[in-house]
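S.K.: Residue numbers (numbering that gives the first Met the number 0), protein chains in the order written: chain L, 0 to 312; chain R, 0 to 245.
Note that these hints are calculated values from the structure, not bench results. Check before you lean on any hint, since a few could be wrong.
Now the in silico label distances, taken between C-beta atoms and shown as ranges [to be verified]:
1) L/Arg130 with R/Thr115: 17 to 25 Å
2) L/Arg85 with R/Ala62: 55 to 63 Å
3) R/Lys20 with L/Ala2: 36 to 44 Å
4) R/Ala62 with L/Glu283: 43 to 51 Å
5) L/Val55 with R/Lys76: 52 to 60 Å
6) R/Ala62 with L/His249: 48 to 56 Å
7) R/Glu9 with L/Arg85: 38 to 46 Å
Here are the simulated DSS-like pairs of lysine-lysine, each with C-alpha atoms no more than 25 Å apart in a straight line [claimed, not checked]:
8) R/Lys20 with L/Lys139
9) R/Lys20 with L/Lys13
10) R/Lys139 with L/Lys139
11) L/Lys13 with R/Lys139
With the Cβ distance kept under 10 Å, some of the chain R side facing chain L (calculated, not the full set) [unchecked claim]:
12) Ala106
13) Gly109
14) Gly169
15) Asp171
16) Thr174
17) Glu180
18) His197
19) Met199
20) Glu201
21) Lys226
22) Gln228
23) Asn230
24) Val231
25) Asp235
26) Val239
By construction, the Cβ of each residue, glycine as well, lies at the ideal position given by its N, Cα and C atoms.
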Amino acid sequence: MTAPAVVVTDVHKKFGAAPALDGISFEVSPGELFGLVGPDGAGKTTLFRILTTLIVPDSGTATVLGLDVVQDLWAIRSRVGYMPGRFSLYGDLTVEENLKFFASVFGTTIQKGYDLIAPVYRQIEMFNDRRADALSGGMKQKLALSCALVHRPDILFLDEPTTGVDAVSRREFWDQLDTLRDSGLTIIVSTPYMDEVMHCDRVALMQGGRILQIDPPAEIGSRYSLPLIEVIGSDRYRMLLALRRGPHAHSVYPFGIGLHFTDSRSGYDPATAAAEVKRYLESEGFTDLEVHPIDASIEDRFMDLMPAEQRAS
Amino acid sequence: MTAPAAKSSEQAIVVNELTRKFGDFTAVDHITFDVKAGEVFGFLGANGAGKTTAIKMLTGLLAPTSGDAQVAGLDLKSQTEQIRQRIGYMSQRFSLYEDLTVRENIALYGGIYGLTDKQIRERSDVMIQTLGLTDDLVAKLPLGWKQKLAFSVALLHEPAIVFLDEPTGGVDPITRRQFWEMIYSAASRGTTVFVTTHYMDEAEYCDRISIMVDGKIATLGTPLELKKQWNVPTIDELFVRLARPK
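Please work from the sequences and hints to get the whole structure.
M.R.: So this is what it looks like as structure tokens:
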């Protein structure tokens, strides 16, 4: 057994009266691509700031690469790469100057880190003389990632690297993370986009300062306990209202091209439930329906785990 | 969802060869399309494709270099002021005043749009009750509630068209869906909704969508039509195919 890359044990952190982290525990293995997924306010950034030794927890402990985040902060700092949510680049410096700066802070050079950053950096190297402010969002993101990697860290923390970035750049970014993970780097990455985390080895669902579930992405949906039915048809809004006031509705949400209806009867046969939903909608005058049971996605499961007061009726 | 049949002939927005240049750079390049009244129209595109520039022109914040448009039946160039009275706008950066209360924010925007005190009072009551809010400082509200409030405030003066620029960024998945239900509800009352998003599943929620690439509209239609036409399973796939840089 190799020692874990990160161990977090019952960490609490409050800002004023509001708990940002409310008892967080998890471990990350070396070489793992570990995802934290949740909305704004879930506590993702606070967790990153503790793990990168920028703030200390109120209680609980955390180690990174076997080092304590409070006692051993200087030893940790030289070994982690951190890409904060808001871009950390110097807008007045060029691409190359930014990279040189981050290398020099860690007492190294671009050349010494070149092979590691090359897959990302090569895509922006032709803009070496351009000021960072003048780069597109996708290019800034690539430069920020290069800057976080240039000192050859043992572990990489990426706080919402794809927020506000379009779907194309997001895919490219995750492809790059796959490549970095394959090189053996441990990566912890946060995102509000539930569909992105399929790339991760394991995912923690976060909400309100707590971890709701940790599992490999493909297994997260399998914990969904109620029959889940997809309903596709025209006049979706009226159909949604009809399903909500109909029988056995646990929850009804718009989802992709249709609606997701969760039947409130635990253990009830999904195919039978789907047939009943179809009959009900037909009796309400809806036609051209496609109704069938489906497996729960990460987002279905996330909504299912959210505290009851935040759920729509 | 389809727009009410009675309104399908009515156009909320008609855009004709609309173009905007910044120096040598053409941000929006002769776009032509229309949006039907009561429709939920998704305006998609990669970062830098020209969406924001196009929205700024349609909301009267930026003059076109060439081309023309009618918004809510009014001419974009000669009736800009009247257009502003007939549209609502909510930006991705939250647009309410944090150090004012919910009611103060509503009163402020109501005043800007020329509502009477009585109208403001009545609509505030309805809004606060519908949203289930208390009259706290806006700074104290969770992000999702702020976004729902900002949307309601954008609808306060009962505009014909509401422009939503990435309204659901960073919001939890349940609130995101509640927000879309507010969109459906507004559309079912006849308001035209013009919305941008980076969530490709939300693109599937729209009546019709367009995808902008390099300042041009690369494709436009209902999500179902587009998936058939381009032979892709999802709008996400289509987006990546059209917008991925060569």
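S.K.: For each hint, tell me whether it holds in the structure or not.
M.R.: Taking the hints in turn, this is what the structure says about them:
Evaluation of the 17 to 25 Å hint for L/Arg130 and R/Thr115 yields a failure: the beta carbon distance comes to about 51 Å. Distance hint check: the CB atoms of L/Arg85 and R/Ala62 are about 32 Å apart, inconsistent with the given range 55 to 63 Å. At roughly 59 Å, the beta carbons of R/Lys20 and L/Ala2 sit outside the given window of 36 to 44 Å. The hint said 43 to 51 Å for the Cβ distance between R/Ala62 and L/Glu283, and at roughly 50 Å that hint holds.
Range check, L/Val55 to R/Lys76: Cβ separation about 58 Å, and the 52 to 60 Å hint holds. A hinted range of 48 to 56 Å holds for the C-beta pair R/Ala62 and L/His249, which are about 52 Å apart. At about 43 Å, the beta-carbon gap between R/Glu9 and L/Arg85 stays in the expected band of 38 to 46 Å. As the CA atoms of R/Lys20 and L/Lys139 are separated by approximately 24 Å, the hinted pair is consistent with the 25 Å bound.
Between R/Lys20 and L/Lys13 the CA atoms are separated by roughly 49 Å; this puts the pair beyond 25 Å, and the hint is violated. With a CA separation close to 32 Å, the supplied pair R/Lys139 and L/Lys139 exceeds the 25 Å bound. A C-alpha spacing of about 16 Å is found between L/Lys13 and R/Lys139, which places the hinted pair at or below 25 Å, so the restraint holds. Because the closest C-beta pair between R/Ala106 and chain L is about 27 Å apart, greater than 10 Å, the hint is violated.
Restraint check, R/Gly109 versus chain L: the minimum CB separation of about 27 Å is more than 10 Å; hint violated. The beta carbon of R/Gly169 is positioned within 10 Å of a beta carbon in chain L (closest approach about 4 Å), and the interface hint is therefore held. Contact between R/Asp171 and chain L, as hinted, is supported at the beta carbon level, the nearest pair being about 4 Å apart and thus within 10 Å. About 8 Å separates the beta-carbon of R/Thr174 from the nearest beta-carbon of chain L, less than 10 Å, and the hint is met.
At a threshold of 10 Å, the smallest CB-CB gap from R/Glu180 to chain L is about 7 Å, leaving the interface hint in force. Interface restraint check: R/His197 against chain L, minimum CB-CB distance 6 Å, threshold 10 Å, status holds. Taking 10 Å as the C-beta cut-off, the interface hint given for R/Met199 holds, the closest approach to chain L being about 5 Å. Contact between R/Glu201 and chain L, as hinted, is supported at the beta carbon level, the nearest pair being about 9 Å apart and thus within 10 Å.
Restraint check, R/Lys226 versus chain L: the minimum CB separation of about 9 Å is within 10 Å; hint holds. Against a cut-off of 10 Å between C-beta atoms, the interface hint on R/Gln228 is violated, since the closest Cβ of chain L lies about 15 Å away. The interface hint given for R/Asn230 is violated, since its Cβ lies 16 Å from the closest Cβ of chain L, which is over the 10 Å cut-off. Evaluation of the R/Val231 hint against chain L yields a violated restraint, the C-beta minimum of about 12 Å exceeding 10 Å.
Given hint, R/Asp235 at the interface with chain L, holds; its Cβ is 6 Å from that chain's nearest Cβ, closer than 10 Å. For the restraint placing R/Val239 at the interface with chain L, the shortest Cβ-Cβ distance is roughly 5 Å, inside the 10 Å limit, so the hint holds.
Consistency note: the structure conflicts with the earlier hints numbered 1, 2, 3, 9, 10, 12, 13, 22, 23, 24.
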